[in-house]
Each structure stands twice: as C-alpha cells, then as structure tokens.
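Each protein sequence line maps, in turn, to chains A and B.
Take 4 as the starting number for the first sequence in my numbering and just add one per residue.
Take 42 as the starting number for the second sequence in my numbering and just add one per residue.
Any given hint could turn out to be false.
Restraint-style ranges between C-beta atoms, simulated for each label pair [claimed, not checked]: (1) B:L286 to A:V96: 22 to 32 Å; (2) A:L59 to B:T224: 55 to 65 Å; (3) A:K152 to B:L179: 43 to 53 Å; (4) B:I194 to A:K191: 29 to 39 Å; (5) A:S245 to B:K44: 35 to 45 Å; (6) B:R128 to A:K147: 43 to 53 Å; (7) A:T12 to B:E258: 39 to 49 Å; (8) B:N222 to A:I183: 52 to 62 Å; (9) A:S278 to B:I194: 37 to 47 Å; (10) A:S319 to B:L179: 20 to 30 Å; (11) A:I329 to B:V285: 34 to 44 Å; (12) B:I194 to A:L204: 29 to 39 Å; (13) A:S10 to B:N222: 48 to 58 Å.
Cut-off 25 Å, straight-line C-alpha distance, at most; resulting in silico cross-link-like pairs (DSS-like, lysine-lysine) [what the hints assert, rightly or not]: (14) B:K211 to B:K270; (15) B:K259 to B:K276; (16) A:K191 to B:K59; (17) B:K144 to B:K211; (18) A:K147 to A:K206; (19) A:K191 to B:K193; (20) B:K211 to A:K265; (21) A:K229 to A:K141; (22) B:K59 to A:K229.
Calculated directly from the structure, the hints in this document are not laboratory data.
Yeah, the Cβ is synthetic: ideal placement off N, Cα and C, and Gly gets one too.
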Amino acid sequence: MPASVLSITKYRFYFTVFWIIWSAIHAWVLQEWGYSFEASWLDSAVCNILLAGMSLLIITSLRFYLPRKESFTYLFLMCIGFALLWLGCAKVVLSYVADAFTVRTFSESMPIRLAIAILVSGCVILISVLWYTLEEQKEQERRKNESEKIVRDAELYKLRQQLQPHFLFNSLNSISALVIGQPAEARKMIQQLSDYLRSTLKKEEHKWVMLSEELQYLELYLGIEKVRFGHRLATEIRSDASALSAQLPAMLLQPIVENAIKFGLYDTVDDIIISVDCIAENKMLVVTVKNPFDPGISQPGKGTGFGLRSVQRRLSLLFARNDLLITSITGNIFITQIKIPQQ
Amino acid sequence: MIKVLIIDDEPLARSIVKEYLQDYEQIEVVEECRDGFEGVKAVMQYQPDLVFLDIQMPKINGFEMLELIEQQPSVIFTTAFDEYAIRAFEAHAADYLLKPYSKERFDKALQKWLAQQASNTGPAFSSALLETAAQTPLQQSRIVVKSSGRIKIIPVHDIQYLEAADDYVKIHTASGTHLKNKTMQYFEQLLDARQFVRTHRSYMVNIQQVTRLEPYEKENHIAILHSGKGVPVSKTGYLKLKQVLGL
Numbered sequence: 004m005p006a007s008v009l010s011i012t013k014y015r016f017y018f019t020v021f022w023i024i025w026s027a028i029h030a031w032v033l034q035e036w037g038y039s040f041e042a043s044w045l046d047s048a049v050c051n052i053l054l055a056g057m058s059l060l061i062i063t064s065l066r067f068y069l070p071r072k073e074s075f076t077y078l079f080l081m082c083i084g085f086a087l088l089w090l091g092c093a094k095v096v097l098s099y100v101a102d103a104f105t106v107r108t109f110s111e112s113m114p115i116r117l118a119i120a121i122l123v124s125g126c127v128i129l130i131s132v133l134w135y136t137l138e139e140q141k142e143q144e145r146r147k148n149e150s151e152k153i154v155r156d157a158e159l160y161k162l163r164q165q166l167q168p169h170f171l172f173n174s175l176n177s178i179s180a181l182v183i184g185q186p187a188e189a190r191k192m193i194q195q196l197s198d199y200l201r202s203t204l205k206k207e208e209h210k211w212v213m214l215s216e217e218l219q220y221l222e223l224y225l226g227i228e229k230v231r232f233g234h235r236l237a238t239e240i241r242s243d244a245s246a247l248s249a250q251l252p253a254m255l256l257q258p259i260v261e262n263a264i265k266f267g268l269y270d271t272v273d274d275i276i277i278s279v280d281c282i283a284e285n286k287m288l289v290v291t292v293k294n295p296f297d298p299g300i301s302q303p304g305k306g307t308g309f310g311l312r313s314v315q316r317r318l319s320l321l322f323a324r325n326d327l328l329i330t331s332i333t334g335n336i337f338i339t340q341i342k343i344p345q346q
Numbered sequence: 042m043i044k045v046l047i048i049d050d051e052p053l054a055r056s057i058v059k060e061y062l063q064d065y066e067q068i069e070v071v072e073e074c075r076d077g078f079e080g081v082k083a084v085m086q087y088q089p090d091l092v093f094l095d096i097q098m099p100k101i102n103g104f105e106m107l108e109l110i111e112q113q114p115s116v117i118f119t120t121a122f123d124e125y126a127i128r129a130f131e132a133h134a135a136d137y138l139l140k141p142y143s144k145e146r147f148d149k150a151l152q153k154w155l156a157q158q159a160s161n162t163g164p165a166f167s168s169a170l171l172e173t174a175a176q177t178p179l180q181q182s183r184i185v186v187k188s189s190g191r192i193k194i195i196p197v198h199d200i201q202y203l204e205a206a207d208d209y210v211k212i213h214t215a216s217g218t219h220l221k222n223k224t225m226q227y228f229e230q231l232l233d234a235r236q237f238v239r240t241h242r243s244y245m246v247n248i249q250q251v252t253r254l255e256p257y258e259k260e261n262h263i264a265i266l267h268s269g270k271g272v273p274v275s276k277t278g279y280l281k282l283k284q285v286l287g288l
C-alpha cells in the first residue's frame with residue numbers, strides 16, 4: 004500500500020497552513036456580508052473543520068481503494084457525495100452552536116457553499132489520485148528493478164556453473180605441475196582444456212545435437228579428468244553405429260556424467276571405471292551411465308548431491324514425460340539411464 | 042628436520058608441492074595422503090610439523106579431517122575454488138594457497154610459517170576457523186566422528202538426539218552412540234533450527250524422531266522418540282518445541 008500524502012511532514016504543514024488561510028478568507032467574506040466577528044469565525048470554523056475532515060477522509064479512503072483509470076464516474080460521485088455529506092453535517096452542527104441569523108443565512112447560501120465544497124473535494128480527489136498513482140508507479144519500478152536483478156544474478160550463477168571454477172582451477176593446477184617435468188603432457192592438457200571451454204561456450208541449451216558430437220565433448224571432459232587423476236580413472240564409451248546419428252538436446256548428458264565423476268571419482272579413492280553405453284531401440288536413444296560410489300559416504304538419490312533433478316526437469320518440459328530418467332543401484336554401482344525419444 | 046605431510050587427492054597437485062619444497066633442505070616430506078581418512082592416520086603416526094591440506098577431498102574434507110585430530114598440526118591450506126572455505130580463511134587470517142599458485146606465493150607462505158616457528162607464535166589456525174568453515178551445506182548435512190579408532194560419517198537425519206557429556210556431546214543414532222568433542226552451542230549453531238531443538242540445557246532433539254510429549258514432574262516434560270527413548274524437555278525447551286512443531 005502506498006504511503007499517504009500526509010505522511011510527509013512538509014505536506015502536513017502545507018495542509019494546515021492552507022486551511023488556516025482558507026478559514027480566514029471565509030470569515031472575512033462573511034464579515035463583509037454583514038456577519039458579526041464572532042458569527043463569521045464560528046461559521047468559518049465549523050464549515051472548514053468539517054471540510055478539512057472530509058479531505059482527510061478522501062485522502063485515506065483513496066489510499067485503500069484507488070479506482071482504475073476508467074472509473075471516473077466513481078470519483079465524480081464520490082466528489083458529489085462527500086460535498087453533500089459535508090453540507091448536511093455543517094448544517095446540523097451549526098443549528099446546535101450558532102444563532103438563528105447564522106443558521107438562516109447558511110440555509111440561504113447553501114448552493115454556493117455546495118459548489119465550493121464540490122470544488123474543494125474535487126481538488127483533494129485529484130491530488131490524491133495523482134499522488135497515489137505516482138507512488139504506485141514508483142513501487143512498480145522498484146519491483147521491476149528487483150526482479151531484473153534476480154534474473155541477472157541467476158544468469159551469472161548459471162554462467163559460473165557452466166565454467167565450473169573448481170574443475171577449471173584444478174585443471175590449471177595440474178598443468179602447472181606438468182609444465183617442468185612433462186611439457187608435452189602439459190601442452191596436450193592445455194589443448195584439451197581449451198577445446199572443452201570452447202565447446203562449452205558454443206553450446207546452446209535449446210539446440211539439438213547428434214550423439215557423436217555430444218560424445219566427443221564428453222571425451223574431452225573425461226580426458227581432462229584422466230590427466231588430473233592419473234591412472235585412477237578409466238572410461239568406457241560404447242555406442243551402436245545407429246545410435247551415433249541419433250539426436251538429443253545439447254548439454255543433457257553433461258550433468259549426468261559430471262554427476263558420475265563427482266560421486267565416482269571425487270568421492271572415492273580407488274581405481275574406478277565410468278562407462279557410457281548408447282543404443283538406439285524402438286525409436287529411442289538409450290544412454291546408460293554407470294559409476295561406482297562409496298556407500299559409506301554418499302547416498303545416491305538422497306539429498307541435493309545427485310544433481311539429476313535439472314535433467315529430469317528438462318526432460319519433462321521437452322517430452323511431457325516423467326519416466327525418461329531412471330536411476331538404480333546395484334551393489335556399489337550407481338546406474339543412470341536416460342531415454343530420448345527420436346522423431 | 043621439519044616433517045611435512047601433503048594431503049591432496051590429485052597426484053599432480055601433490056607433485057607440485059613436492060617440487061616447490063625441493064629448495065628447502067631442512068624439510069622432509071614424510072608422507073602423501075589421498076584423502077582425509079589417510080590424513081588422520083598419517084598425522085597421528087608422523088606428528089608432522091606442517092601439513093599442506095586440500096579442502097575438497099573424497100570421504101571427508103580437509104576441515105572435517107582436522108576436527109578429528111586432537112593435536113592440531115600447523116596447516117597451510119590449498120584449494121582451487123571454494124567460496125565457503127575462502128570466507129573462513131579470510132575471517133580467521135589463516136594462510137591458504139589458491140591453486141594454481143606460483144613458487145613465489147608458495148615461498149611466501151612457507152617463509153611466514155618458518156618465521157612463526159622460529160618465534161613460536163602458535164598454531165597457524167584457530168579452532169574458530171573450523172567452526173566457521175563448518176557452516177557449509179555439506180558439513181551441515183553430516184557429522185564426522187571417530188569411534189573406537191574408526192571414522193564414521195553420520196547423516197544429520199540419522200541423529201535421534203544429542204546429549205551433553207562434560208567436554209563432549211553424545212550423538213545418539215539408531216546404530217549407536219558417538220562422541221564428538223564440541224559444545225552444545227556449536228551444534229545449535231550448526232544444525233538446522235527447524236529440525237533440531239534444544240529442549241534442555243543438556244539435550245537437543247531431532248523433531249522428526251519425536252512421537253509425543255508427556256508431562257514429567259512439576260513443570261517439565263519428556264519427549265518420547267520413535268525408538269521409545271525419552272528426552273528431557275525443560276520449561277523453556279517445551280515452549281521452543283511447541284513453536285517449532287507449530288502447536
């Protein structure tokens with residue numbers, strides 16, 4: 004809800020000053036008309052205190068309900084309604100506190116008083132509507148900026164995820180270690196890392212690619228990990244000739260293999276084998292990734308560790324099916340199977 | 042001779058430390074370890090003067106490893122990229138090397154340590170560092186303990202309740218009780234307040250394990266767990282428990 008115009012001290016001051024001046028003018032006009040000093044000030048005080056009260060009422064009510072642009076009729080009726088209400092109240096109050104002359108003159112001058120009241124309430128309504136609309140716009144602007152910031156942060160986060168700083172810096176450290184003793188290996192590693200980064204940057208998530216392309220990319224990635232971890236990592240990538248030309252969304256296998264590396268390689272100490280088997284059957288490309296894991300340390304499928312949820316989400320968005328990603332455990336081998344329908 | 046231990050899961054990362062250490066004749070690399078389990082054993086066995094320790098490792102990470110060692114050695118941390126760890130290092134002015142690091146940077150860290158050794162200015166890191174470093178999603182999801190010489194990793198959701206016992210905290214799980222030399226306050230900070238409630242000065246309970254609350258003596262209660270065990274609940278603990286359970 005926007006803040007009231009009168010929440011600002013400066014405007015509260017203007018509001019008060021306006022009503023004092025306005026009351027003085029009112030009293031002065033009545034005196035010119037032949038009212039006594041007391042009668043004119045009494046009339047002015049009653050009328051203007053009520054009128055000021057009405058203005059406050061208008062400001063507050065518009066704060067809670069601001070009519071849309073189209074409903075000017077509502078505002079007009081509101082203006083008339085408040086003016087009539089004010090007239091009635093002023094008359095009743097005056098009949099109690101003022102003498103017969105004042106009450107009679109009041110009744111005679113009712114049309115002009117009503118006109119003034121309509122003008123005043125009209126002005127107050129206009130100012131309030133303007134003020135609250137501006138406040139709302141400011142609020143919307145603020146919200147827009149905020150949501151833009153969230154989107155920016157999310158993009159930045161995604162970019163960082165894609166670059167995988169941990170993987171990158173560790174690979175650079177390996178190169179640093181190789182440079183003196185095995186310069187040829189170091190050069191090869193730099194080459195692999197560059198190719199890998201280049202294809203990461205080139206990848207577009209919405210594109211479909213051939214399996215052979217995706218497998219090349221995985222080989223690069225696994226090749227780097229092999230240098231980092233030496234003989235510990237062995238990989239077996241097998242594929243049907245028919246599967247090689249199958250299509251799949253870009254970057255779909257990557258998170259699955261990363262997952263296999265994370266739990267199979269980063270979280271174990273023995274020599275391990277990660278296997279990727281691709282076959283085409285029944286108009287489906289079926290890719291099975293197997294990795295060992297340490298049951299004492301990680302519990303596959305539990306918690307946030309196994310980052311397969313994003314793959315699952317992508318699959319269900321693409322194919323409106325939830326049975327395309329299946330994970331299972333046999334002994335200490337974690338098996339991830341993904342099926343991609345072919346056109 | 043100065044005894045040095047290198048703990049890192051990547052062989053090339055270990056070799057670079059060894060290579061940089063070749064210039065220092067007074068230093069001897071007594072052992073290399075590939076994970077935290079080996080690290081704990083090697084520290085106990087060799088009592089090294091200095092440890093080069095990687096953070097992200099298989100089984101348990103570098104911080105969890107240090108928690109298991111009573112006689113803390115001096116440590117120079119090495120890490121590639123770990124926001125949490127770096128924040129902890131900065132907060133507690135520990136020396137750390139960001140991979141890949143230069144020979145100059147490595148020498149600086151080592152010279153500083155050698156100077157500290159010469160002037161005897163105490164350990165290279167404080168136990169407060171470990172407490173800050175423990176505030177990571179991984180370490181908040183599990184607790185590493187050593188029981189009868191073996192290292193055990195307890196997932197947080199397996200904990201039934203915690204009980205203060207002198208300088209230790211007893212961790213009760215379905216498979217047994219384990220000791221950890223930390224305070225109740227430490228666990229109160231570490232564990233998710235929506236899951237673990239300090240029901241008593243000496244007790245903290247996993248609310249998923251609670252089946253019912255029973256009145257007990259004057260103003261106290263007792264929380265009955267699925268396992269049938271009862272955990273004391275004080276007056277203030279009862280209010281906290283009611284709030285978390287949304288009663």
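How the hints compare with the structure:
no.	hint	result
1	B:L286 to A:V96: 22 to 32 Å	violated, 58 Å
2	A:L59 to B:T224: 55 to 65 Å	holds, 58 Å
3	A:K152 to B:L179: 43 to 53 Å	violated, 28 Å
4	B:I194 to A:K191: 29 to 39 Å	holds, 37 Å
5	A:S245 to B:K44: 35 to 45 Å	violated, 60 Å
6	B:R128 to A:K147: 43 to 53 Å	violated, 32 Å
7	A:T12 to B:E258: 39 to 49 Å	violated, 58 Å
8	B:N222 to A:I183: 52 to 62 Å	violated, 43 Å
9	A:S278 to B:I194: 37 to 47 Å	violated, 27 Å
10	A:S319 to B:L179: 20 to 30 Å	holds, 28 Å
11	A:I329 to B:V285: 34 to 44 Å	holds, 37 Å
12	B:I194 to A:L204: 29 to 39 Å	holds, 38 Å
13	A:S10 to B:N222: 48 to 58 Å	holds, 56 Å
14	B:K211 to B:K270	holds, 15 Å
15	B:K259 to B:K276	holds, 10 Å
16	A:K191 to B:K59	holds, 23 Å
17	B:K144 to B:K211	violated, 45 Å
18	A:K147 to A:K206	violated, 30 Å
19	A:K191 to B:K193	violated, 40 Å
20	B:K211 to A:K265	violated, 32 Å
21	A:K229 to A:K141	violated, 56 Å
22	B:K59 to A:K229	holds, 21 Å
Of the hints listed earlier, those the structure fails to meet are numbers 1, 3, 5, 6, 7, 8, 9, 17, 18, 19, 20, 21, in rising order.
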